[in-house]
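Undergrad: Mapping the sequence shown onto my numbering, position 84 (from 1) lands on 84, and the numbers just tick up by one.
Honestly, I wouldn't trust all of these hints.
Label pairs and their calculated CB-CB ranges [what the hints assert, rightly or not]: (1) Pro111 <-> Asn66: 15 to 23 Å; (2) Gly17 <-> Gln93: 27 to 35 Å; (3) Ala62 <-> Phe90: 16 to 24 Å; (4) Glu75 <-> Gly17: 33 to 41 Å; (5) Glu43 <-> Gln101: 18 to 26 Å; (6) Asp78 <-> Glu98: 20 to 28 Å.
Simulated from the structure, these hints should not be mistaken for laboratory data.
For every residue, glycine included, the Cβ atom is placed at its ideal position computed from N, Cα and C.
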Amino acid sequence: MTQVVTISTHVLNTATGKPQKGVPVKLEVLTGNGSTWDQVSAESIETNSDGRIDSPFKHTLAVNENTATFRLRFETKDASVFYPYVEIVFVVQRTTGEDKQHLHIPLLLSPYAYSTYRGS
């Protein structure tokens, strides 16, 4: 059975306490023998005025694929922070008996630090 994985995100500027609008975000998946990153969506996605992407990224796990490694890349150079970009790499494991699963991976951004967590 294939499984559809949806991934959403948001960016919060913790220095101002406000959402970070206009941050370009892309999602890539590690393919082949683990040496190539393929972009999941060809479209350009930016965070909206609420700091969120308007619709989640979607990736389908193949029948024989039990895990997938993803990379979320945030282009933060215009956000007045020390880091020109932030990359979050994480592994998704197939959930048994389910045909879909959703993950939310937020980015908390400040001038000289960032953090993330697995949200709901």
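Undergrad: For the hint 27 to 35 Å, verify it against the beta carbon of Gly17 and that of Gln93.
TA: 34 Å, holds
Undergrad: Does the Cβ distance between Asp78 and Glu98 fall inside 20 to 28 Å?
TA: 38 Å, violated
Undergrad: How does the Cβ-Cβ distance of Glu43 and Gln101 compare with 18 to 26 Å: does it lie in that range?
TA: 22 Å, holds
Undergrad: Between Pro111 and Asn66, is the Cβ distance one that fits in 15 to 23 Å?
TA: About 40 Å separates the Cβ atoms of Pro111 and Asn66, which means 15 to 23 Å is violated.
Undergrad: Verify the CB-CB distance for Ala62 and Phe90 against the hinted window 16 to 24 Å.
TA: 19 Å, holds
Undergrad: Is it true that the C-beta distance of Glu75 to Gly17 lies inside 33 to 41 Å, as the hint says?
TA: 22 Å, violated
The structure fails to meet hints 1, 4, 6 from the earlier list, while all remaining hints are met.
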